[in-house]
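In case you want the letters, here they are:
Number of protein chains: 2
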Amino acid sequence: MAIASFLTRLPSALTASVRPSLGRLLLHTTMASSPKIYVAVVGVGLVGSEFINQLLTIRSSPFHLVSLTSTTRTLFNHAQPLSASWKSDLASSADRPDLAKLTQQLSALVSPTQKVALIDNTSSEDVAALYPTWLKAGISVVTPNKKAFSGDIALYEEIVAASASGGGKFLNEATVGAGLPVVGTLKDLVATGDKIVKIEGVFSGTMSYIFNEFSTGQPDGPAFSSVVKIARDKGYTEPHPADDLNGADVARKLTILSRIASSSSSSLPRLQSYAAVDTASLIPPALENISTGDEFLARLPEHDAHFASLRAEAAAAGAVLRFVGVVDAVNGRVRAALERYPTTHPFSTSLGGSDNIIMFHTERYGARPLIVQGAGAGAAVTAMGVLGDLLRLV
Amino acid sequence: MAIASFLTRLPSALTASVRPSLGRLLLHTTMASSPKIYVAVVGVGLVGSEFINQLLTIRSSPFHLVSLTSTTRTLFNHAQPLSASWKSDLASSADRPDLAKLTQQLSALVSPTQKVALIDNTSSEDVAALYPTWLKAGISVVTPNKKAFSGDIALYEEIVAASASGGGKFLNEATVGAGLPVVGTLKDLVATGDKIVKIEGVFSGTMSYIFNEFSTGQPDGPAFSSVVKIARDKGYTEPHPADDLNGADVARKLTILSRIASSSSSSLPRLQSYAAVDTASLIPPALENISTGDEFLARLPEHDAHFASLRAEAAAAGAVLRFVGVVDAVNGRVRAALERYPTTHPFSTSLGGSDNIIMFHTERYGARPLIVQGAGAGAAVTAMGVLGDLLRLV
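In the order they appear, the protein sequences are chains A and B.
Position 379 (the first sequence) corresponds to 379 in our numbering; numbering is contiguous.
Position 140 (the second sequence) corresponds to 140 in our numbering; numbering is contiguous.
Keep in mind that the hints are not guaranteed to be accurate.
Intra- or inter-copy, both count: the list cannot distinguish identical chains.
The calculated lysine-lysine pairs, modelled on DSBU-like cross-linking and capped at a C-alpha distance of 30 Å, are [unchecked claim]: (1) 195 x 87; (2) 169 x 101; (3) 229 x 195; (4) 169 x 195; (5) 101 x 136; (6) 169 x 198; (7) 187 x 169; (8) 136 x 169; (9) 234 x 198; (10) 234 x 195; (11) 87 x 101; (12) 87 x 234; (13) 198 x 36; (14) 87 x 169; (15) 187 x 198; (16) 36 x 101; (17) 169 x 36; (18) 195 x 36; (19) 87 x 187; (20) 136 x 36; (21) 187 x 36; (22) 36 x 87.
If you are wondering where the hints come from, they were derived from the structure by calculation, not from laboratory data.
From a predicted model like this one, the values you see are computed outputs, not experimental measurements.
Could you build the full structure based on these sequences and the hints that come with them?
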C-alpha cells in the first residue's frame, strides 16, 4: 500500500513511463510477503476448541482469527484478532449467532491480498448448505463436517462448481479418517491419472473397536451387547449406539470417496446421497424403532446369540468379522457391511483399538495396495486434519 | 497484460484517479484465472519419462512443458510447449545440456502471473547443488532426488532459507516412499504442532523384498546370497547389490525425515549429512572393497552361514529380521540397522513384496501409530509422487 500511494503522488509524466515496472514491483511485493488469511470458526465444541488451540500455537502465523460462532453466541473482531482468551471473549459477547451477517462481514474482507477461510467444525446440515454462498464470495471452506459432501448430490455439485469457477477452495481431508491422509491421497491418485480399482477399509472407529474386541478369530468371546456397552461407556459410540450400528457414518464416508474416485472411473454410480450406498445395518429389525440408547442396550442381549453364531461361523472359516466399506470401481458398487476377512489379513493382524485402516487398490499400486492406518476419530487428530488443510491455503 | 497496456494509454489525469481500482482489478483478473506454470524437466530416464507421460495426460492442464534435459541433449521451447512427441523432439535437438543457460531461460519466465517449476528427475549431486540458485530466482524445485536434502547440511539450510525468503518452493514428497504420503504427512504433523516421538519403518524396497523372502519367522529358509541374487535378477537391487546392502539409501531417507522432525524436537541431532546416521551396513567386512556386482554375488555365499544363524536366533525368539530405519526423538538417535520384530508385528504380518511401511509414533497418535504402507519404489509411483507435488503448486 505504501508503494501504491507513492505511485499516485508521482508527477503524471513520470508515472506513465515507470508505471509498468512499479506495478510489477508492487505485485511482487504483495505476493512475496505471506498474505494474511482471516479465519472464522463456526462450532467451538471439542473439535472446534482443539482446532483453535492448535491454530494459536503456530509460529510466524499468517492466520488472523477474526470470528467465532457457537450455538448461542458469535463474535467478529477484524481489527484485533482473537488470541488465548478467545473462550472468555466469546462468552462475554452479547451477539447471537447470525450466519447471514457473518457472510457479509467475511465477504468484505476478501481481496486479492487477503484470503478468508471459514472453518466449519459443526456437523450441521444448515451450515453445510451455506458452502456454495461462501465459495462464490471467495471464502474458502475447511471442514470435518461430512454433511455437504455426502448429502444430496445437487449441493455437492454446486460446491464443486462454485470453487472451480474461481471462488474459494473447499478442503475436507478430515471428513474421512480425521487426520489420516486419506482424502488427499485419493485426490492425488486421481489427479495424477491413476485408476482406482477398489477402496476397502474400516472407516468407523466405533465399528473398529467393537469388532476388534468381539471377533478375534476364536469361536467364542465376549457377548456382542457387552462389547457395545463398554464402547458406549468409553465414549466411543454415540449416546444411542444405533446411530453407529446403522452404518450411516460409513456410508457417508464412502460417498465422499466414491464421488472423488468417480472422476477417474466411469463405472462408479452417481450416488444421489449416502442413502444410496448399499448399507447393511447391524441394528436387529426388532430394535429398529427404539428411541433411547439405554433401552436399546437393555434389549440388545436378546440378539447376542445371532452375533455369536456369525462369529463362530467366521472362526470356523479361519476368519474374523469386520464392518467394512468398499468402493468397488470394477463392478460399480459401493457398499457397507459386516464381512469376513482371513485371520492373516491386515484387517485382522494389523488392526487394533479404534483404528481406521484404508486400502487403495489401484492400477499403479497393482500387486499390493497403498495402506493408511491409525486413529480415525478424536478431537486432537480431527483438528489436526482441519488445520493441515488450512495450512495448504497459505 | 491487456489491462496493463490499456492503463498506460489513459490520459494521465484520469490514471491518477482510477489507478488504484484498476490495479486491483488487474491483480484480481490475474489471480482468478489459473496462472500458467512453466515446467522444465531435467532427467528423462525411467522416472522422468513416466513423469512426462503422466503430466501430459492431465486435462485442462495449467502446465506448459517448455524444456527437457537428458545427459546428452537439451531442448527449450517457450513459444510452443512440448507434447506427445517430446521424445523425438529431444532426440533431434542439437543442443548439449547447459544448466547455466537453462537457469537464465527459466528465470526470464518467472513473473507474478507465471510460475516456473524445475523437475529434477536425476539422482545427481551437481543438479542438487543448483537448487538454491533456482529457488532464489523464483523457480520452484520438485524432485525425488534425495541428494540435496540428505547431503551436507549447509546446502540443505541454503535451500530452506532461499525458499523461506520468498523465492520458489521446494517439494520433495517422492524422496521417501515414492508416491506414498510420507513427507507430506510428517510436515503436517509438525506444522500443526504434534510432537514426534519416533518414526520407524522399512524404507528400502530392496531391503524389504530381501528380508520378507529371507526371514519369515521360520528357523530356516533360502540362503541369503540366493535371495540377493534373485532380487538383483528382478531388477530390485542396484547393479552392485552392495549399494543397497550398505544401508546408505535408508540413511538418506532418515536424514530427510529427521531434519523435518527436528523443528518439533530439540533432542534430535543436527545431522551434518546422511553419513552421520548410525548405519549398520550389511556388507560383510571381507567384501567391503569388491568393485563389481558379479564378484560380490559370487563371494556372498561365504557369508550365508552368518545370516542363517541370525535368522535362526530371531526365529527362536519368535521374531523376524527386518532392515529398519528409526528416528528416535526421545533419545535423540537416528539409526539404520537389521533388527528383530515379533512375528505378530505389522513389519512381519502386514509387509510383503517390496513394500515400504512407515510408522509415526507421536503425541497425538499416542496409543497406536499412524501407519503408511505400500510400494515405495518404481517409476510409476515415483513419478506420481512428483506430479502430486507439482499439482500442489497450482
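Which hint numbers does the structure go against, in order from smallest to largest?
-> 3, 13
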